[in-house]
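In the order they appear, the protein sequences are chains A and B. In this text, residue positions in the first sequence follow the UniProt record's numbering: the first is 1, and each later residue adds one. In this text, residue positions in the second sequence follow the UniProt record's numbering: the first is 1, and each later residue adds one.
Fair warning: there could be bad hints in the mix.
Claimed, not checked - List time: in silico SDA-like cross-link candidates among lysine to any residue, alpha-carbon distance up to 25 Å:
| no. | chain 1 | residue 1 | chain 2 | residue 2 |
| --- | --- | --- | --- | --- |
| 1 | A | K243 | A | H192 |
| 2 | A | K93 | B | E53 |
| 3 | A | K93 | B | Q246 |
| 4 | B | K93 | A | G173 |
| 5 | B | K243 | A | R165 |
| 6 | A | K243 | B | Q246 |
| 7 | A | K243 | B | S249 |
| 8 | A | K243 | B | K93 |
| 9 | A | K93 | B | S235 |
| 10 | B | K243 | A | D279 |
| 11 | B | K93 | B | D119 |
| 12 | B | K243 | A | E186 |
| 13 | B | K243 | A | S242 |
| 14 | A | K93 | B | G175 |
| 15 | B | K243 | A | S235 |
| 16 | B | K243 | A | V260 |
| 17 | A | K243 | B | A177 |
| 18 | A | K243 | B | D68 |
| 19 | B | K243 | A | Q246 |
Said to hold, decoys possible - Here's a subset of chain A near chain B, in silico, CB distances under 7 Å, partners left out:
| no. | residue |
| --- | --- |
| 20 | D140 |
| 21 | T143 |
| 22 | R253 |
In case anyone wonders, no lab produced these hints; they're calculated from the structure. Being a predicted model, the structure only gives us computed values, none of them experimental. The beta-carbon is built from N, C-alpha and C at its ideal position, and this holds for glycine as well.
As a plain string of letters, each chain reads:
There are 2 protein chains.
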Amino acid sequence: MHNSSLMLAIDAGGTSTRATLLNTAGECLGYGRSGPGNPVSSGLDRVMHSYREAIEQSLEMAGRALDDFRSLTIAMAGGSTHSPISGMAEAFKTINPSSEVVIESDLLATYFSGTYHGDGYALVAGTGAVCARIRNFSLDRVTDGTGWLLGDHGSGYWIGYHCARAVAADLDGIGPATAMTALLTEQLGLQHSAASFEGRPARLQAMIQTIYALRPIELAAFAVIVFQAAAAGDSVAGDLLSKAGQLLSHSLRTTRSAEVTGPLVLGGSILSSRSVIEDELASELAGQAVFRVPDGLAGAALLALRHAGVRVDQEIFTRIGSSLSALRS
Amino acid sequence: MHNSSLMLAIDAGGTSTRATLLNTAGECLGYGRSGPGNPVSSGLDRVMHSYREAIEQSLEMAGRALDDFRSLTIAMAGGSTHSPISGMAEAFKTINPSSEVVIESDLLATYFSGTYHGDGYALVAGTGAVCARIRNFSLDRVTDGTGWLLGDHGSGYWIGYHCARAVAADLDGIGPATAMTALLTEQLGLQHSAASFEGRPARLQAMIQTIYALRPIELAAFAVIVFQAAAAGDSVAGDLLSKAGQLLSHSLRTTRSAEVTGPLVLGGSILSSRSVIEDELASELAGQAVFRVPDGLAGAALLALRHAGVRVDQEIFTRIGSSLSALRS
Numbered sequence: 001m002h003n004s005s006l007m008l009a010i011d012a013g014g015t016s017t018r019a020t021l022l023n024t025a026g027e028c029l030g031y032g033r034s035g036p037g038n039p040v041s042s043g044l045d046r047v048m049h050s051y052r053e054a055i056e057q058s059l060e061m062a063g064r065a066l067d068d069f070r071s072l073t074i075a076m077a078g079g080s081t082h083s084p085i086s087g088m089a090e091a092f093k094t095i096n097p098s099s100e101v102v103i104e105s106d107l108l109a110t111y112f113s114g115t116y117h118g119d120g121y122a123l124v125a126g127t128g129a130v131c132a133r134i135r136n137f138s139l140d141r142v143t144d145g146t147g148w149l150l151g152d153h154g155s156g157y158w159i160g161y162h163c164a165r166a167v168a169a170d171l172d173g174i175g176p177a178t179a180m181t182a183l184l185t186e187q188l189g190l191q192h193s194a195a196s197f198e199g200r201p202a203r204l205q206a207m208i209q210t211i212y213a214l215r216p217i218e219l220a221a222f223a224v225i226v227f228q229a230a231a232a233g234d235s236v237a238g239d240l241l242s243k244a245g246q247l248l249s250h251s252l253r254t255t256r257s258a259e260v261t262g263p264l265v266l267g268g269s270i271l272s273s274r275s276v277i278e279d280e281l282a283s284e285l286a287g288q289a290v291f292r293v294p295d296g297l298a299g300a301a302l303l304a305l306r307h308a309g310v311r312v313d314q315e316i317f318t319r320i321g322s323s324l325s326a327l328r329s
Numbered sequence: 001m002h003n004s005s006l007m008l009a010i011d012a013g014g015t016s017t018r019a020t021l022l023n024t025a026g027e028c029l030g031y032g033r034s035g036p037g038n039p040v041s042s043g044l045d046r047v048m049h050s051y052r053e054a055i056e057q058s059l060e061m062a063g064r065a066l067d068d069f070r071s072l073t074i075a076m077a078g079g080s081t082h083s084p085i086s087g088m089a090e091a092f093k094t095i096n097p098s099s100e101v102v103i104e105s106d107l108l109a110t111y112f113s114g115t116y117h118g119d120g121y122a123l124v125a126g127t128g129a130v131c132a133r134i135r136n137f138s139l140d141r142v143t144d145g146t147g148w149l150l151g152d153h154g155s156g157y158w159i160g161y162h163c164a165r166a167v168a169a170d171l172d173g174i175g176p177a178t179a180m181t182a183l184l185t186e187q188l189g190l191q192h193s194a195a196s197f198e199g200r201p202a203r204l205q206a207m208i209q210t211i212y213a214l215r216p217i218e219l220a221a222f223a224v225i226v227f228q229a230a231a232a233g234d235s236v237a238g239d240l241l242s243k244a245g246q247l248l249s250h251s252l253r254t255t256r257s258a259e260v261t262g263p264l265v266l267g268g269s270i271l272s273s274r275s276v277i278e279d280e281l282a283s284e285l286a287g288q289a290v291f292r293v294p295d296g297l298a299g300a301a302l303l304a305l306r307h308a309g310v311r312v313d314q315e316i317f318t319r320i321g322s323s324l325s326a327l328r329s
């Protein structure tokens, strides 16, 4: 048994990784933030570098050494792909050989960033989109989150993909005019030109070459353009966001069970700001405790505490949140 | 000037390449067929191997040698990506140093496989989907054909992609039950199982791993399943084909001009057999001369003749078709 009672919690996401060092009272003592943390999309070497960096920042802020924690709880996407946990456990031994390593679902971590109740729902829409029903502190049902090609209905990727298609259709003359065309072609650095090549507009030809040089998942970045155009009144963009909201609402409705009546936690960049998406979700949010969370770090801390045998109540949950806020500001 | 009057015409597609040796009367004397011929998707080395193979077969059938033709006309996809024509011209010198090389659009070749009229329309739906207006023997307007990520509305990829998403949604419980699920999971070799892993059906988990190991474009192969399920009365599959037909119909309608009233040539595997897609196209086909073609080889031969200064009339056009049919049978 490790002689320290301190724990490290990590929220490992596709674009960034966050870590916090906490004690058994739920007080967060250090915080760190680094790069990509998903081993499936970024590879084990890259993510181990991210983890080490975030861990070292957390320990340094708390004035602690590399072996001053007894357990390492990592929340990561595990629903859609099998994580290389065996190789990872070995790699962690090089950071702290005596620490226990616990892998948790990022969905649970997001949910427990918003509540300490064992039963409820989480709806997360960032690059992907996934919905979960939580029962007795475990994943009872997960819907969607099946990735850009098979699902992620209403996600940032879904919105960005449909943005690119709408702009291509506009340039092609087979779809309606949209303000997204000027925004996207400018972002891609395409020349304004009325020229035509083999019966096709030169600007569409240039867009094709630019888009196919990207990895498909990078289309998620265009979601910002859709929010921007919709806010300025563009109806094609507005319709896309409405449809995204309907798809997310449908996933949530399908995930519900009469036996689980707890709170709903909303996470991910797509749900972080007010938009028409929220209007479409209104009927699902009505008469329901709703909590918005920026990420899954507080929940990863809660899961670390539970693993250490701590019963997390309102007081401890509040302490996690407030101490983390203080460290992050 | 080459002392032979023979020409070689090649129809270079994404999955196969066809070649024919013909004389100035439009009589095809030899025929060859080989592998992938699109340099963008398969690379220059691979396609040069295909071209050489199809050329050698054609010459052997006609009892001719490698330098017994004066020109080489190659029809290939050039609308959506820039072909490496310079490197290709060099590579052809190794086959026949004295032959002239002419690159033509595969769309024109498909169109001229169905008619010798200089004005008209082509609608091609295979893996991709593209529509063209032809005027004075040239591409006047091209719509769609922007690839799997940006367009190809109603194409084989579009149908196969939506098949995979419908099956994932069915397994996930967020979409309606469909007969495509049994057909696709069987084709992918997924085990029947009611087991669940982290709140998600094991069969969906297995499907995710199988699908993401494919190149996206390979989803086009699932189109067959949609035709099969629709023919057996599955409404989800039937709705997908109806929607594909509507999208193709829309592209064709957008491409029309009152000034171009010629025939319509239909090409590609999706339009080669009777299905609900054709019902959706009915209003576009009514009162219009419609020709169906298996590929673009006859049109590549016609373009080779035109390049040699031959005026292709009904007699020559018919001779190309009948001599080619005899060689292929």
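Run the distance test for K93/A versus S235/B: straight-line Cα separation, threshold 25 Å.
violated, 55 Å
Within a Cα-Cα threshold of 25 Å, do K243/B and S235/A meet the stated pairing?
Given pair K243/B, S235/A holds - Cα atoms ~22 Å apart, limit 25 Å.
Is K243/A within 25 Å of K93/B, Cα to Cα?
violated, 55 Å
Between K243/B and Q246/A, is the straight-line Cα distance small enough, at 25 Å or below?
holds, 20 Å
Taking 25 Å as the top limit, are the C-alpha atoms of K243/A and S249/B close enough?
Measuring from Cα to Cα gives roughly 24 Å; hence the hint holds.
Agreement of K93/B and D119/B with the hint, judged by alpha carbon distance not exceeding 25 Å:
Since the Cα atoms of K93/B and D119/B sit roughly 34 Å apart, the hinted pair is violated (cutoff 25 Å).
Need the status of pair K243/A, A177/B: alpha-carbon distance at most 25 Å?
holds, 22 Å
Does the CB of T143/A sit less than 7 Å away from some CB of chain B?
Status holds, d = 5 Å.
Can the restraint linking K243/A and D68/B be considered satisfied, given a maximum Cα separation of 25 Å?
violated, 61 Å
Within a Cα-Cα threshold of 25 Å, do K243/B and R165/A meet the stated pairing?
Within the cut-off at roughly 17 Å; holds.
Is the straight-line distance between the alpha-carbon of K243/B and that of D279/A 25 Å or less?
violated, 28 Å
Hinted pair, alpha-carbon criterion (25 Å max): K93/A, E53/B. Please report holds or violated.
Status violated; Cα separation ~57 Å.
When the structure is compared with the earlier hints, violations turn up for hints 1, 2, 3, 4, 8, 9, 10, 11, 12, 14, 16, 18 and 22 and for no others.
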